[in-house]
Amino acid sequence: MTELRPELLNLINQWELTQNQKKKEKLNEKRDMKTLKISCLQQKMKFNWKRSKFNQNKQYHIKKELKKMELQKKLEKSLDKQNFLQCQKKNNILDGLIQKKSNLEFLLLHVTTYFREQSLMIK
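Sequential numbering of the sequence shown, starting at 0, is according to numbering that gives the first Met the number 0.
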């Protein structure tokens, strides 16, 4: 029996060693999993940050384009208004010239009739 005791002790020690080694492996696996999770989370955060930056940049460009379009519409409206005002001024000038022409024609008619009457009186 005494001979068995050291063998048994040796077996028990080996078994404990294997158990300890298994525990260490499990702890290492857990630690590796935690670091893997952390690195995955970091990658995800980095990706989300890049995506948010991209989205912000995209929103900035969309807002910029909208402002351009609004300014272009305002410019077109102002140009249409200016063209309308210029056409209106030209029409007013033309109306004035036509009015002057008709006044001059009327005056010319009266002058010619006056001179005719005067020439008839002289004869």
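Hints may contain errors.
[What the hints assert, rightly or not] Below 20 Å or equal to it, Euclidean Cα-Cα: the simulated EDC-like pairs (lysine to aspartate or glutamate) are:
#1 Lys22 to Glu6
#2 Lys57 to Glu69
#3 Lys76 to Glu64
#4 Lys52 to Glu64
#5 Lys99 to Glu116
#6 Lys63 to Asp79
These are calculated hints, taken from the structure and not from any lab test.
Hints, one by one, checked against the model:
no., hint, in the structure
1, Lys22 to Glu6, "24 Å, violated"
2, Lys57 to Glu69, "18 Å, holds"
3, Lys76 to Glu64, "18 Å, holds"
4, Lys52 to Glu64, "18 Å, holds"
5, Lys99 to Glu116, "25 Å, violated"
6, Lys63 to Asp79, "24 Å, violated"
Hint violations for this structure: numbers 1, 5 and 6, all remaining hints satisfied.
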